[in-house]
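This is what each chain is made of:
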Amino acid sequence: MDRRTFIRAGAGAGLVAASGGLSAPAIGQGAAAKTLRFVPQANLANFDPIWGTQYVVRNAAALVWDTLYGVDANLVPQRQMVDSEEVSSDGLTWTFKLRSGLKFHDGTPVLAKDCVASLVRWSFRDPMGLMIKAIQEEIVAVDDTTFRWRLKRPYPKMLLALGKNNSPCSFIMPERIAKTDPFQQITEYVGSGPMKFVRGDWVPGAKAVFEKFADYVPRAEPASWLAGGKRMLVDRIEWVIMPDPATASAALQNGEIDWWENPIADLVPVLKRNRNIRVDIGDPLGNIGAFRLNHLHPPFNDVRARRAILMALDQEEFMRAIVGSDDNLWKPLPGYFTPGTPLYNEEGGEILKGRRDIEGAKRLLAESGYKGEPVTMVVAQDQPVTKAQGDVAHQLLKRIGMNVDFVATDWGTTGQRRALKSPPAQGGWNIFFSWHAGADCINPAAYTAIRANGDGAWFGWPNIPAVEQQVANWFEAKNLDEEKAAMRALNKAALDNVVYVPPGFFLTYTAWRSNVSGITKGPLPFFWNVAKA
Amino acid sequence: MLTYILRRILATIPVMAVVALFVFSLLYIAPGDPAAVIAGDQATPEDVEKIRQSLGLDRPFLVRFGEWVWQIARFDLGTSIFTGLPVTQLIAQRVEPTLSLMVVTLILAIVVAVPMGVLAAWQAGTWVDRTIMAFAVFGFSVPVFVVGYILAYIFALELDWLPVQGYTPIAQGVKPWLENLILPAVALGCVYVALIARITRATMLEVLQQDYIRTARAKGVSQRDVLFLHALKNAAVPIVTVIGIGVALLIGGAVVTESVFAIPGLGRLTVDAILRRDYPVIQGLVLLFSFVYVLVNLMVDLVYTLVDPRIRY
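Residue numbers (my numbering), protein chains in the order written: chain Z, 1 to 533; chain U, 1001 to 1313.
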């Protein structure tokens, strides 16, 4: 073959390939009206809601797996897969009976043994599950639809533990899957929830697809968050991963997607001007910023250095750096718990209110023995929330006379470095930033960041017995008044000792096309009862 | 020729081995922890440690490297830490969009850039030349994401001619496939057009000074034939070289372009894997890209024989 023949043959092959493609049909277009295209907050990189506890995994898992109970919009756990429960008079034995007709996506019935295996796996990874496991006598299937949990001590928050929306939720899986080591990833995604996961269409980082499960039997009650009848009004939900907010914004305006979970604040004015788009607060429980201090090393091993920051910190500066000029998106937070929820209080919060006292902070810092040593601040630049907090905190600490070693890095590196307990000069850290979903900060149940049990605490390892005492009091509380009393004391103890610095409370928007209806505000996107015209 | 091709293919083995060692070592010493990402923000340090152990990330360098090399020797790139899916499957899912984007960009760039370069050389010093070179400077200077946003705004949002984002497999029809690729290919192709146009112009200017061109003109050969049959053919070797080098540019540019236009290709897979520290995926992708680059160089060398009969291997 000479070169001319070669070139002609190549061109011919290209034409054949092109013409061959013309005859292929476009698939899925007929079903477009019943397909909801959704842009989630992050990539669904794995799909084991017990192994990986990221919110995006929890959100997808809520479609595929059901829970025994589910919290409603009043934050009260309601029966979901459970038909009835019975607790013994001494509070030590819980007996649960499943409602009839529950089926997994592979057609097998949901049995008590599936619940037992799922709860055992969950209890290795969830803070409340760990507490129950610590006082567990046994958990056994009594028959196909009944299982019993016997405890050594009463656990008044049992139903909340089984119905909470905080990650990891106690999702029910078939026994064969639930027997997977809780620190290993499951390889089958079979649940009994209202949608099936279409594994064949899953392109991690790009797309995840869910199809309606025809055999799902919703409860008769109206849907409310994770509780009530989960009626699916669309046949198919496509999660489209869009790392670029500008692209997601344009795609929503162009009608290429139907619902964007978390539009960034900068793009919201553009979306609000479009008459085909609705914009509203997505999660009324919002988020709480986290300015995390390392209690193991100077200067923040001294409470005076920690309180010096509270004296000087202006929450408005932090919040405006995160959400911009939209006043609907933030609130001052003189405490640690989610505003607008029953246990919210501002006990001990005076130090965060009123005029900021820079000079007082400097004096307190000097009293703590701080003499200008470098303070290592690790700031993830790839997360807008952490970057904004880091930039403002840098200025704040310089104002009160701290010598800041600003380490600009990414979230992956922050995740590794914050786990190091070594001194900052040996690779450790003094400060890092994060944020917590407001749904996790309603009470201490899922609020790992409020715990102050030393080595068992979240990064920074605060060791403050007064805080732990109030956490225990809340878990033991038998009624709302007792819970409120414990929470007031907890907020005060946490602020007096500065478990961490709360830079404020902020909200985010969600946006959808006007032909989509039924979207409700909540801590996660609820797809049931969402319809597309 | 066949011996030469075989020798070149065999020569990729040591190159790939060096790349493998380099990438693995670099990732080993780089900060970051996939276990922390998996465990989520609310996980305790103990949870993170247990996940790290379950993933085998606490094992010594040599053990992990040896295991990986053994896998590669069996043509197994391993399993993604996060998705639990084989790296080969993840790559296979993403090859078509990236390949499509690169092919369309390449064709677009060559079809536009080469005539532009020829025209600029022919009209050297005139306003035509200056306009083309101004465009080349623009193509080099404006980042691909800026071009992408501008194109998406005009052609998708304002005119509603093309989709903003996404990718349709060619099996679902050439039209939707092409519609999804036009804007990304133009955005990605800008810098490539600029590069090829400049090189074509420079090479053509040199060739147009040669005696045989003057002779051809003296013989009355038409301007078009002089430019495209006599001059361009002899200027082709440097142009082909630059097209080959440009493939590396395309791979780099695809990362940004795929993010801007939400194309589920290898570029986005790379970025996601790096951000999450999904080591097996990063390693597999770097090996793949290295292999592609070596292969492209080989193809460029082979194309030399097609455009210049004097070159023989």
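Quick caveat, the hints were computed from the structure, so don't treat them as lab data. Incorrect hints may have been included.
Here are the simulated lysine to any residue pairs, SDA-like style, with alpha carbons at most 25 Å apart [to be verified]:
{"no.": "1", "chain 1": "Z", "residue 1": "K179", "chain 2": "U", "residue 2": "S1222"}
{"no.": "2", "chain 1": "Z", "residue 1": "K484", "chain 2": "Z", "residue 2": "G428"}
{"no.": "3", "chain 1": "Z", "residue 1": "K179", "chain 2": "U", "residue 2": "F1138"}
{"no.": "4", "chain 1": "Z", "residue 1": "K179", "chain 2": "U", "residue 2": "S1054"}
{"no.": "5", "chain 1": "Z", "residue 1": "K421", "chain 2": "U", "residue 2": "Q1053"}
{"no.": "6", "chain 1": "U", "residue 1": "K1050", "chain 2": "Z", "residue 2": "S224"}
{"no.": "7", "chain 1": "U", "residue 1": "K1050", "chain 2": "Z", "residue 2": "G522"}
{"no.": "8", "chain 1": "Z", "residue 1": "K331", "chain 2": "Z", "residue 2": "T510"}
### Task
Would you check the hint for Z/K179 and U/F1138, treating anything up to 25 Å between C-alpha atoms as holding?
violated, 59 Å
### Message
Hint check: Z/K484 vs Z/G428, CA-CA at most 25 Å. Holds or violated?
### Response
violated, 37 Å
### Task
With a cut-off of 25 Å on the C-alpha distance, tell me whether Z/K331 and Z/T510 pass.
holds, 18 Å
### Message
Holds or violated: U/K1050 and Z/S224, Cα atoms, limit 25 Å.
### Response
violated, 36 Å
### Query
Does U/S1054 lie within 25 Å of Z/K179 when you go C-alpha to C-alpha?
holds, 16 Å
### Query
If you draw a straight line from the CA of Z/K179 to the CA of U/S1222, is it 25 Å or shorter?
violated, 80 Å
### Task
Compare the distance between the alpha carbons of Z/K421 and U/Q1053 with 25 Å, and conclude whether the hinted pair is satisfied.
holds, 18 Å
### Query
Would the pair U/K1050 and Z/G522 pass a check requiring their Cα atoms to be no farther apart than 25 Å?
Violated: U/K1050 and Z/G522 sit about 32 Å apart, past 25 Å.
This entry does not satisfy hints 1, 2, 3, 6, 7, going by the numbered hints stated previously.
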